[in-house]
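Novice: Letter by letter, the chains look like this.
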Amino acid sequence: MIAHAPILAIVVPLFAAFLTPVVSIVAKRFGVERARDWFVVGAAILMLLIVASMVPAVWRGEVLVYKLGGWSPPWGINLAVDGLNLLVALIIASVVSLIAIYSVVYMERDNGLEKYYTLLMLVTAGCMGVTLTGDVFNLFVFFEIMSISSYALVAFRRNWDSVEAGIKYMIIGSLGTSFILLSIALMYGLVGSLNIADLAGKIATIKATQPLPMIVPLMLTLFVVGFGIKIAMVPLHAWLPDAYQAAPSAISALLSGATATVGVYAMLRVSYMLFGALAIGTMFIILGLVTMVVGGLMALVQRDLKRLLAYSSISQMGYILLGVGFGTAMGIQGGLFHLLNNAIYKVLLFMCAGAIVYRVGTSNLDELGGLGKNMPITATLFVVGALAISGVPPLNGFASKWTIYVAGMEAGQPICTAIAVVMSALTLAYFLKAINLMFLGQRPEHLREVKEAPPLMLFPMLMLAAFCVVFGILPGLGIDLVRPAQSAVMNQLGYIGSVMGAG
Amino acid sequence: MSLNYIIAMLLFTLGIYCLLFKRNIVKMVIGLQVLTNGLHLFLISLGYREGGIAPILAGEMLGRGATAEFAAAAVDPVPQALVLTSIVINVCTMALALSLAIYIYRHYGTLNPFQIRRLRG
Amino acid sequence: MEFGPGIWGPIVATAVMLLGVAIGYLLLSISRRYMVPKPSVEKLRTYACGEVLEPEEVHVESEQFYSPIRRVFKPFYRFVRPAHTGILSTYLLWVFVGFIMILIAIVVALR
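Protein chains in written order, with our numbering: chain U, 1 to 503; chain R, 1001 to 1121; chain W, 2001 to 2111.
Simulated from the structure, these hints should not be mistaken for laboratory data.
None of these values were measured; they are calculated from a predicted model.
For glycine and all other residues, C-beta sits at the position ideal for the given N, C-alpha and C.
Misleading hints may appear alongside valid ones.
[Claimed, not checked] Simulated coverage check for chain R against chain U, where a stretch passes if three residues somewhere in it have a Cβ under 8 Å from a Cβ of chain U:
1) 1034 to 1040
2) 1061 to 1074
3) 1090 to 1098
4) 1106 to 1118
[What the hints assert, rightly or not] Computed from the model, here is a short list of chain W residues facing chain R with C-beta under 10 Å:
5) H2084
6) L2088
7) S2089
8) L2092
9) F2096
[Stated by the list, open to error] Computed beta-carbon distance windows for the label pairs:
10) I2023/W x H4/U: 22 to 28 Å
11) F2079/W x T282/U: 21 to 27 Å
12) R34/U x L2110/W: 39 to 45 Å
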């Protein structure tokens, strides 16, 4: 492990964000404008290496506790990295590196790009901060950094749809984060501590007293609603289709791959480990089923490709909530494996959509058609992504969905499994509609000259498709990746002991 | 002391009313600010102690080495730090929201959310 | 992977699928040795009783693509789809409705 790895993983993107305007000015003076893009890509890959260096230590079972400023918990802020943290940090670091490489080509026609790269690195720093921290107010601050930078990135192009989507996302998101702040205030007033491990111990003692004080469900509700807005649980999902439709495709990929993953991680950490409330799993199952159904059925009737992918994202979040809500070892493994797979194939699908928008100029399904002959590689990768997300063997979506189905049967809820299987079939239905309307069929005259996407744009898509196939053929690899995370989620006492014991 | 908490929750409720029922984006942003002001008042009142002193250990108390007496009499400084951080975050949020409102007025000609609905379905 | 009632062997399954694709390709290439199909341009065009159709006319409209499924799930499409009005204030009302529902669910679950 690199020395001081947990704090370096947050500091590297933060410093890269502050240095990007400087690098941009220097690069423009020397005439090498691309240097700023490659600087950001280098920073993202460095962050990936730092996170990867923490892997051996954490998978041996120890919890890495890093005390900021030498102050021991619970009086100081500390970063605590266990299996769950590390899985999410790996997902975010890989997704951001690939999106940075993709943005080098995709955003080259826009101006004001130094602000884009600064905001991209700030979103990354915010995501890593939320993932690696062990202090609940630190989580709130980094959550706000991530959210505000993503509001600005959604409205980056300042068209009519970007601005409308940006203001809707912003007001709903700000309401969510003020709920989180209210809950933190209530928690501080109740127990007087802000450290996650310390709070877990103290709230466990409060929950043991009968009758339960009314304030504990209120605090948990405020947290669930605040994080639920970020992961787009129904009925808090209304901002998501507009934001994913109007944002630049690289940013849609970032939002669906990184910020949604971080939202699920925060929800799991607070509800299962801070409050120790495995009993609310039933609520997660019901909300997960509703989210799955609403997302899937709304996606069947969309006209716009990116809006269809957005409703599909909502549907996949329903699967993750369903898996996590079962509460058994297999259910949580299935949910977390589906989280990993969702990041992989959603980013791949949004990148393919971005390639089409880059070459054709529109993403309206009524104006596209017959592009399979013009863009064969993009079409193949989109088909791979579509088959993966629908759960067709032997790709990775099948492995994680199979785990969730079996978890449902073993937990004694066959109705959940039945609804999940039907929604899987409907997922394949709307993706076949997208493939048919875009790549097959007859090609209109104005699309005759469309060329294949540039090779630098194809490289991240090929890597993600390779991951889809690899995790599908070797699902044991995925389960091995996810098992430390799942044992960390169910091991609340171990977490408390490691963090408080290091003090 | 509970007067502070009542006023804070009243501000919170007024902010939520303003967010839900006003038909102007700028009024919604103002409602968001009123809401967060209520939260800040709530957080600061949590740390208050009757007849407490400011949490700065200096002067004659430092010379006497009377830290235990200081800790028993001082107001809690942690909520003050939390509120300062939150105020800075809110300044940033409000700046971004108002600039987005300017762009919306430029594109749509109106600030009524009931008429800013070209993205739907 | 072994799960309760069954076994999923992904490497074996992938090998069998690729074997199936290879057998299909083998049969196709054997048949091609006897005759290679060469249809004329007229045969390849979509048949429309002799008329010439533009690609824009043949394109299925994206909203009506799944009209049978829309008919099956009609209650959903009559109430939930128009509820996504696009008005920000409606969406904020949903957040509060969701808040109340989640509060009741958590109070019941934690009791």
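Novice: Starting from the hint list further up, note which numbers the structure goes against and sort them upward.
Specialist: Hint check: 2, 10 and 12 fail, others pass.
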